[in-house]
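Each chain, written out:
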Amino acid sequence: MPASTYNLFDEPWIPVRWTHAAPLPHPERVGLRDLLLRSGDIATLTIADPPAHSALLRILYALTARVTGLDESGPGDWGERRLNILDAGQLPPEGITAYAGRYRQRFFLYDRDGGRPWMQDARLTGQCDGGNTAGVNKLIVTRPAGNAHAWFRHGSDARPDLPSAAEAVLSLLVWHYYGPSGRCSAREVNGVKTASATAGPLRTALSYHPEGDTLFETLLAGLVPPEVTVRRSFDLCPWEREELPDPEAAPPLPCGPCSRLTACSQHALLLVPDENSPGLVRDAYITWAYRTGRIPRDDNYLIWQISQQGNRYPRPADSRRALWRDLDALLLHEPPGTAQPQRPKVFDYASEVSEDLRVRALGFEQEGQAKDTQFVDADTPPVMGFTEQKAPATAPAVGRMRQLGEMYGRRLERAVKRAWAEYMNDPKANGDTWAAEAAARYWPGAEAEFWDRFRHLDNTGHTLGAGFDPAAARTAFLRLATDAYDTVTASVTRTQRGAKAVAHARIDLYGGVRKKATSTPAA
Amino acid sequence: MTTQSVTENPTTARRQRLVAYTCWIEQICRDDPGARTALRSGLRRTLDDVPRMHRFVAPWLPHDRQAPESEQRAYYAVAAMIAAQPRTTHTSPEAALEADGASQSPQPAPAPPYGTSLGLAFALAVTASPGREREMRESTAESRLNLLTRQSANGLHRHLPAAVGYLRELGVPIDWAQLLADLIAWPLHSGRISRRWLQDYYRQRSQTLHEQADRADQDETEHPSTSA
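Chains A and B are the protein sequences, given in the same order.
Every letter in the first sequence is one number past the one before it in this note's numbering, and letter 245, counting from 1, is 245.
Every letter in the second sequence is one number past the one before it in this note's numbering, and letter 45, counting from 1, is 45.
Hints are not guaranteed to be accurate.
What the hints assert, rightly or not - Cβ-Cβ distance ranges computed for the label pairs, FRET-style:
id : chain 1 : residue 1 : chain 2 : residue 2 : range
1  : A       : 427       : B       : 191       : 25 to 31 Å
2  : A       : 426       : B       : 153       : 44 to 50 Å
3  : A       : 487       : B       : 86        : 39 to 45 Å
4  : A       : 426       : B       : 165       : 35 to 41 Å
5  : B       : 191       : A       : 309       : 47 to 53 Å
Stated by the list, open to error - Under 10 Å between C-beta atoms, here's a sample of chain A residues computed to sit facing chain B:
id : residue
6  : 470
7  : 473
8  : 493
What the hints contain is simulated information worked out from the structure, not anything from laboratory work.
Backbone N, C-alpha and C fix where the C-beta goes; we use that ideal spot for every residue, glycine too.
I would like the entire structure built from these sequences, with the hints used as guidance.
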């Protein structure tokens, strides 16, 4: 039985890219131990699926906090200790060795017979129907499973292509963080059978991570100081707990950064190895973790905003939305807007690590239940230097520029929709076709325009308003919108009604007819 | 029109030839009442039915190759329409010059190879302008223009004289050279031309509103606090 040999500390399962200066060898994949030991030589993780990337980053943040001792606020000043580690240029090897020595047995991918496979629940073999499991096609979110349509690859649930263990672990993480709500495999606990799961903690959300030149910087910059009350003996990751959680009881509340990063899963999974070829995963159990209650969502890497009903919710991932539109929400303490967005807490502390951090957005456009739409993965140029302490003058300019770019995008959408409705002579006509085409023409141009102007901002603070020229920015965005409007509507302007509708709705690009006469030009 | 040096551009050269032709027709209509009567007699007639016009028009027809009948017909039709304008416009050359100037000034920066379209003329007819006693009703202008844009070449020749006559009665300037060019191109490019007419019309009609909104928007951008 090769079951208990695959240990995630040792087996190479995390794809990475090395820096140019990194000493040889440069394996394509590394295990957790090598990853932590050589994080200063690793440029970045190269995980193709953004949700897996963001999930693994959270696991690594927790491990980083553990091996550096930054998981408690004392002794001494937390920020200073972090800078000391940054100066050392690597994560402390003795911390890594000690941690691996203590918990290595909990990092086995398979551990049968009442064991503790990593991030899994060995009890599921007894509690779920072994003849009716979810299967590997369900486990890997990019595959069609069950009766779903096949788009990009064919897959048969009867004879699936088996994933490698590395692929399966990443999918396991995606399920823990982005798992859907709704029906799942039935799990019988104490004679009661239920098959209803709650959504994972990050489902639909877009998370933002500061990213340095090396993985070492990235990991340190991603840490948030723990509360003074946090004790590492209570703030446990799932694999550090003595007992598996009781699925009948209310879920244990996170009481610190490590548990908040890793122990908020609402799903229980179990991977089944393939007996014939030990590198592959044959099957998977996927079901709920807690019958009652839900762990309150909280995360330091999301933009939280307030809905009209007054609920706090993370800004959702939208694959059509470019990252620059969130930039001021990331950089400003109190960005404008009725949703009162709060920037991710991690950015309050990230700039202490380095001025040249980029921002990486990772997410999964999906809905709360089963439907998944598209991955979101975006990256900014180094922007953290533009924070308030460094250049207070640029922040309003960035915000203003973002507002302008968004405003003309919104107006363009309204204009084409109105033109369409007027052309169809139906006020309820759905102009989504035109709106989508106009958006496809406008936003890429607007993004290029934004970064171009962003680069030319003066961050030394010598010029008033950072040298931002609102009139020129307006002209540029307006021209993009006008061009898109003309192109999209050109097809109907041959007819009288079309030409009339297009000419009428064009005024929406300028914000429509103003309610009051502009009698106060220089008020 | 004024840039004689860039005759290399075939579009500009063509435009110049058409302008020269229409100017010359306008001139003889002013100077020679007999010619004017002769040309006017050809209004709404076919090519075989206008013996008195050939003397004036034939020399201007493109020589290099046998001009297609549709093109010849456009030359004759425009000449007849120029001649059929109300007499007052012919008697005072200054007024004609003024009208010519007026036809260019309201259009913001016209591209040299192209004049102003009939759509703009209709829009100007609806807009009240100083020195004009009457104006066209919006619905009239829309339906007439719409009617024109949906015609075949034959239909256009049938409807155009009345429409243009109406416009001239109201004192709206017409870019004859451009109208001639559009008539020539109509059989092949009626879709593009009618689109330009319609777009010009509606753009001109909503221009004031647009400019106001544009100005307000500009103002709001540059002084976000004052107008918020």
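Hints, verified against the model:
1. Our hint of 25 to 31 Å for residue 427 (chain A) and residue 191 (chain B) holds, since their Cβ atoms are close to 28 Å apart.
2. A C-beta distance of roughly 34 Å is found between residue 426 (chain A) and residue 153 (chain B), which places it outside the suggested range of 44 to 50 Å.
3. As the Cβ distance of residue 487 (chain A) to residue 86 (chain B) is approximately 42 Å, the hint placing it in 39 to 45 Å holds.
4. Under the hint 35 to 41 Å, the C-beta atoms of residue 426 (chain A) and residue 165 (chain B), about 38 Å apart, fit the expected range.
5. For residue 191 (chain B) paired with residue 309 (chain A), a C-beta distance near 51 Å keeps the hint of 47 to 53 Å intact.
6. Given the 10 Å rule on beta carbons, the hint for residue 470 (chain A) holds: about 5 Å separates it from the nearest Cβ of chain B.
7. With a cut of 10 Å, the hint placing residue 473 (chain A) at the interface with chain B holds, because the nearest CB-to-CB distance is about 8 Å.
8. Taking 10 Å as the C-beta cut-off, the interface hint given for residue 493 (chain A) holds, the closest approach to chain B being about 5 Å.
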